[in-house]
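Asks: Next come the chains, spelled out residue by residue.
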Amino acid sequence: MTGNEAVARGAYEAGVSFASAYPGTPSTEILENVGTYREITAEWAPNEKVAMEAAIGASMAGVRSMAAMKHVGLNVAADPIFTFAYMGVSGGMVFVSADDPGMHSSQNEQDNRNYAKFMKIPMLEPSDSQEAKDMFRDAFDLSEKYDTPVMFRMTTRVCHSKSLVELGERREFAAIPYVKNRMKNDNVPAVARNLRVKMLERDRRLAAFTNDCPYNFAEYNGSKKIGIVTSGISYQYAKEVFGDSASYLKLGLTNPLPMDMIREFRSNVDTLYVIEELDPFMEEQIKAAGIDCVGKEKIPLVGELNPNIVRKALLDEDVPEISFNQNLIVDRPPTLCAGCPHRGFFYECAKRSDTVMVGDIGCYALGGSEPLNAKDMAICMGAAFSLAHGLSKAFLASGQDKTVVACMGDSTFFHTGINSLEEVVYNDSRVICCILDNRITGMTGHQENPGTGYTLQGEPATIMDIETIVRALGVERVRTVNPLRLNDMKEALDWAYREVHEGPVVLITRWPCVLKKLSTEDRREFRPVPSVCIVHHDQCIGCKKCLTTGCPALSFDKYERKVSIDALQCDGCTVCAQVCPKQAITKGAKRA
Amino acid sequence: MKRDDTKSVLLVGVGGQGTILASKILTAGLIAAGYDVKMSEVHGMSQRGGSVSTQVRYGTKVYSPIIGRGQADILVAFETMEAIRYLPDLKPGGKVVVNDYQMPSLPILSGEREYPDNILEELRDKADTLVLDAAAIARDNDNPKGMNVVLLGALIQSLGLQNIDWATALRSCVKSRFVDVNLRCLDAGMHASERMAV
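Those protein sequences? They're chains A and B, same order as listed. Going by this note's numbering, the first sequence opens with residue 1, and the numbers climb by one from there. Going by this note's numbering, the second sequence opens with residue 1, and the numbers climb by one from there.
Everything labelled a hint here was simulated from the structure, so no lab data went into it. As the structure is a computational prediction, the values presented were derived from the model and not from experiment. Please note: incorrect hints may appear among the correct ones.
One-sided and incomplete, this derived list gives chain A residues near chain B with beta-carbon spacing under 7 Å [as the list claims (entries may be wrong)]:
id: 1; residue: H104
id: 2; residue: R157
id: 3; residue: E240
id: 4; residue: N306
id: 5; residue: P307
id: 6; residue: F324
id: 7; residue: N325
id: 8; residue: V330
id: 9; residue: R332
id: 10; residue: P334
id: 11; residue: L547
id: 12; residue: S555
id: 13; residue: K558
We treat Cβ as the ideally placed atom computed from N, Cα and C, and that holds for glycine.
Please model the entire structure based on the sequences and the hints provided.
Replies: This is the structure in structure tokens:
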């Protein structure tokens with residue numbers, strides 16, 4: 001199983017009762033898999049902070065609970081967990097931070113191991129799926145024994161790699177009966193001051209325990225010339241490169257670090273290497289303890305490691321590669337899918353001058369690429385409207401004549417975009433806020449959200465209507481539009497550009513993601529007819545106007561000077577047909 | 001412990017071509033045959049029509065789930081240009097199984113670049129290369145979408161793993177109504193490879 005599946009299995013075996021998460025690569029499949037165990041109440045939360053708080057509440061009620069998120073999600077959830085670290089648990093509580101070294105699908109590669117030290121809570125780091133399952137199960141015992149939440153830190157290669165796992169049985173636990181205890185659970189300053197002292201005392205007990213934790217162990221091989229301290233996926237790379245020619249100190253519980261164990265290991269080897277991805281998290285602490293080691297002088301601080309990088313860094317050995325004609329490679333960047341409803345929105349936005357387009361996190365990040373090139377910036381989930389607010393206020397104050405347009409998806413709006421819109425309304429800025437509602441959480445692979453009307457398990461849920469919410473926040477200028485009808489889209493933007501001088505404007509583009517498995521409600525609302533567009537070559541003048549939509553189903557034959565459409569990819573959205581000046585593209589029925 | 005028997009297989013293609021399913025079947029078969037197996041895939045943004053790769057490593061004991069550059073024993077490309085993109089990952093002397101199937105990327109679709117026309121020659125020149133028209137083979141076996149399984153068949157043959165119970169592995173990964181057509185594609189892939197390897 002994958003590391004993510006293994007964590008879900010570990011949760012099941014540990015007797016977890018409650019799980020909450022917000023999707024984010026590489027963590028998404030954890031909750032999706034937890035949701036397949038009927039014994040666990042598993043829910044998508046609107047954002048990571050809410051997921052963490054719900055899991056904390058469940059722990060307080062006396063059951064084992066968990067939350068899962070990607071690394072940047074922990075930034076959102078940091079507020080509750082920092083304080084819960086003071087309070088401690090009733091039922092065991094563990095949360096997953098899935099980091100993304102190499103930024104396969106993220107906006108940064110922050111090393112969240114620093115959080116565990118900052119929060120003074122224990123952290124476990126698995127190296128493969130078997131460890132992910134076993135450690136996650138055992139993390140709950142650790143949590144209850146030391147009265148602390150536990151951070152479970154994974155990385156993309158642990159989350160998304162498959163390896164063999166031996167399964168165990170589920171242990172059931174009766175809930176610990178709830179008893180009101182304000183001195184533990186009501187963190188007013190007077191209480192928190194006491195808890196802070198207790199937390200530091202716990203940290204000392206954990207620092208002693210970590211030297212005896214079975215997930216921290218030395219592996220002495222024949223040679224003691226080279227000793228390697230490592231954890232997580234880096235352990236696999238170290239083993240791959242050094243095999244039996246080195247000895248290892250393999251660490252699973254990496255906060256607090258087992259400094260006695262490291263000191264002893266150091267005394268048994270000639271040279272000590274610390275192999276870790278990203279920050280010198282272990283190395284700095286080891287050096288601060290006065291233990292001599294080699295780490296980031298040789299191992300890169302940036303990106304993922306792999307066996308070749310470790311080999312080059314520590315052994316100075318290059319791996320021979322085949323040399324070939326590099327000119328035969330043409331880039332293949334990710335693109336908005338054929339039929340993507342965001343295409344109509346970005347196509348119409350790209351044409352407008354003196355516009356600053358603020359983006360957000362989701363598929364619509366791709367609206368910034370060529371040929372649409374309709375985005376100036378993006379920073380983090382839900383930030384588009386508040387960023388735009390600051391831009392707009394500053395442009396106005398400094399006499400820069402720009403129209404600020406901001407966009408985010410439906411799930412991002414529910415995540416933290418609502419707060420961002422409150423800022424625009426409350427402090428009255430001149431921003432065109434666009435909510436690209438494609439009826440699903442797209443980029444992470446189609447998770448339900450508060451707007452879709454379904455839960456994680458596909459059970460019906462209350463549908464939160466975005467237009468109603470926006471109006472309830474006090475926005476008077478609101479329109480909902482089908483972004484694939486370019487005239488409507490253009491007209492709505494014209495209206496928004498006029499109206500924004502009077503106050504905040506919200507445009508909601510509403511059309512389902514082309515890859516979405518439509519719900520009954522979607523079918524009723526959107527009435528999809530399978531169709532495909534075709535180019536009539538006798539009418540195509542080869543002007544390439546349609547290609548400016550960036551649709552991957554279109555291709556241009558340089559010699560014939562004609563455009564063609566790949567019927568397999570085309571969804572018949574007709575954006576290209578609407579753009580064509582010669583009406584050379586028409587829509588027909590899709591053949592089965 | 002010596003790990004000299006670990007083999008590294010790199011499957012590459014374009015998001016949506018079914019590299020992940022092929023790797024799943026491969027992994028299931030290898031596990032049933034008693035190998036230690038690790039497989040690694042990438043999710044998220046790169047899936048949107050971008051270049052994708054799946055890595056499978058198997059042997060007595062496998063550590064790293066990922067393959068460094070110059071370390072793959074065999075490269076299976078579901079799309080022609082992807083073979084050349086990932087050629088630096090192949091070990092000198094390694095094998096290439098390449099689908100003679102072109103999916104132009106955005107710079108080519110827009111006419112800004114042309115699809116390079118001598119990729120197969122370069123591959124043959126630089127590595128032990130097997131070229132397959134998996135689309136035609138899949139069509140001949142009444143399963144136009146079975147290109148990935150045809151390529152899996154050719155991969156299995158190239159690795160000399162044809163004695164593993166692939167039918168069971170395939171059944172565990174695809175819906176029952178697709179099993180028969182896919183088994184035919186798998187078989188056709190294995191034999192295509194056998195014929196052309198001569």
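Asks: Closer than 7 Å between Cβ atoms is the bar; does L547/A clear it against chain B? Give me holds or violated.
Replies: Holds. Min distance 5 Å.
Asks: Under the criterion of a CB-CB separation shorter than 7 Å, is H104/A in contact with chain B as hinted?
Replies: holds (5 Å)
Asks: Per the CB criterion, is E240/A less than 7 Å away from chain B?
Replies: Holds. Min distance 4 Å.
Asks: Answer holds if the nearest beta-carbon of chain B is closer than 7 Å to that of F324/A; otherwise answer violated.
Replies: holds (5 Å)
Asks: Hint validation: R157/A versus chain B, beta carbon distance must be below 7 Å. Holds or violated?
Replies: holds (6 Å)
Asks: The hint names K558/A as touching chain B; please verify it with the least Cβ-Cβ distance against 7 Å.
Replies: holds (6 Å)
Asks: With a cut-off of 7 Å on the beta carbons, see whether N325/A makes it to chain B.
Replies: holds (6 Å)
Asks: P307/A was flagged as interface toward chain B. Is the shortest Cβ-Cβ separation under 7 Å?
Replies: holds (5 Å)
Asks: Grab the minimum C-beta distance from S555/A to chain B and call the hint holds if it beats 7 Å, violated otherwise.
Replies: holds (5 Å)
Asks: Can we keep the N306/A interface hint, with Cβ of chain B closer than 7 Å?
Replies: holds (5 Å)
Asks: Closer than 7 Å between Cβ atoms is the bar; does R332/A clear it against chain B? Give me holds or violated.
Replies: The hint holds - R332/A has a Cβ within 7 Å of chain B, the shortest such distance being about 4 Å.
Asks: With a cut-off of 7 Å, does the beta carbon of V330/A approach a beta carbon of chain B closely enough for the hint to hold?
Replies: holds (5 Å)
Consistency note: the structure conflicts with none of the earlier hints.
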